[in-house]
Amino acid sequence: MTLILGRKKGMTQLFAEDGTATGCTVVEAGPCVVMQVRTQERDGYDAVQLGFEDLPDRLAKKPMRGAAKVAGTAPKRFLREDRLKEPAEMGVGDSVTVEEFNEGDLVDVIGTSKGRGFAGTIKRHGFSRGPKTHGSMNYRRPGSIGCSAYPGRVIKGKRMSGHYGAKRKTSKNLEILRVDQDRGLLFVKGAIPGPNGGFVQVQSARTGVKKG
Amino acid sequence: MQLIQTIENELKKPAGALPAVHVGDTVEVHYLIREGDKERVQIFTGTILALKGRGIRRSITVRRIVQGEGVERIFPLHSPRVIDIQVTRRGDVRRSKLYYLRDRVGKKTRVKELLGEKVRQGRAAEKARRENQAAQANQAAEAADIDQGADQEAVEA
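In order, the protein sequence lines correspond to chains L and C. Quick note on numbering: my numbering labels position 79 of the first sequence as 79, and the sequence is numbered without any gaps. Quick note, my numbering runs 212 ahead of the 1-based positions in the second sequence.
These are computed hints drawn from the structure, not numbers from a lab. Don't be surprised by glycine CBs; every beta carbon is placed ideally from N, CA and C. Don't take every hint at face value.
Unchecked claim - Only some residues are given here: those of chain C computed to face chain L with a beta carbon under 7 angstroms:
1) Leu215
2) Ile216
3) Lys225
4) Ser291
5) Pro292
Using the sequences and the hints, build the whole thing.
Have a look at this one:
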């Protein structure tokens with residue numbers, strides 16, 4: 001599995017040769033530095049920890065500065081592990097760039113979705129609303145939440161209003177439409193979670209099979 | 213979001229590649245279509261009903277009457293399939309969207325022609341732009357020739 005960390009920069013469109021326009025998201029990814037290597041003996045599993053985007057020394061915690069010193073780089077803002085099946089081939093201080101990805105690859109993109117605060121059932125679960133007029137007082141209400149004496153309680157997992165968004169989300173099997181190696185950009189087909197400027201992880205798709 | 217702006221500017225057709233089009237103009241759109249494995253240019257002539265979007269997403273809606281039936285096509289201006297757009301007649305209109313033309317038949321579908329000094333200037337500018345584009349294309353072709361010549365010389369040497 002290949003992992004790279006980056007920031008979502010925004011969306012645009014690309015024209016194909018036959019004139020069809022495809023919406024795509026631009027991700028500014030890498031270069032990421034291997035900050036730590038996890039091994040079976042020491043940690044119980046194999047992984048590499050990648051770091052993205054420098055953090056000024058004055059903002060970094062002391063342990064972060066120490067770890068960065070070992071890797072020979074500045075402390076990083078965004079750290080994530082790439083879990084591996086075999087012992088890591090990369091060592092501490094190695095870098096990962098967008099060159100790991102090719103046009104046409106399928107990827108999963110993980111990000112933190114936009115926070116919507118305390119949201120009602122219509123926005124949060126797609127409930128339908130009541131009539132706006134004719135004396136209706138049921139405009140955006142959730143409706144009945146269960147039966148009466150039996151079971152005499154609300155069933156667990158009943159969809160209600162509450163905090164919505166700002167949660168880790170994965171968009172699976174998105175195609176890479178273009179790789180810009182000079183600027184370290186990935187053009188991913190379709191939308192990805194999170195606001196523009198949000199941190200995202202791009203990794204090779206777990207389940208997807210390339211079409212054709 | 214300056215990065216997105218920069219990327220879109222790179223993906224756009226270069227400045228001067230497109231003529232100035234306005235709502236109400238009669239245009240000929242040269243559109244590349246695929247027939248089997250051959251490609252040919254189809255010309256769609258009609259009135260511009262609407263200009264939509266900005267930057268790379270800019271598009272025009274062109275309407276014409278074919279055999280008594282109204283036909284509308286939307287062309288993204290920056291599509292690689294849109295090869296050329298020629299403005300044959302400027303229209304004198306007072307709205308930004310001419311959707312009212314859809315409800316009209318016969319003589320009423322006509323748009324008054326815009327005339328005057330500004331239009332003449334616009335035509336001159338358009339002519340200059342076309343000459344400029346042609347000159348640039350020529351230069352590019354010559355440069356390619358020279359490149360090839362140099363390559364050949366290198367091979368001969």
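Verification of the hints:
Evaluation of the leucine 215(C) hint against chain L yields a held restraint, the C-beta minimum of about 5 angstroms falling below 7 angstroms. Here the hint on isoleucine 216(C) is kept, as its CB sits about 4 angstroms from the closest CB of chain L, short of 7 angstroms. Evaluation of the lysine 225(C) hint against chain L yields a violated restraint, the C-beta minimum of about 10 angstroms exceeding 7 angstroms. The criterion of a C-beta within 7 angstroms of any C-beta in chain L is met by serine 291(C), whose closest approach is roughly 5 angstroms, and the hint holds.
Because the closest C-beta pair between proline 292(C) and chain L is about 5 angstroms apart, less than 7 angstroms, the hint holds.
In summary, the one numbered hint that this structure violates is 3.
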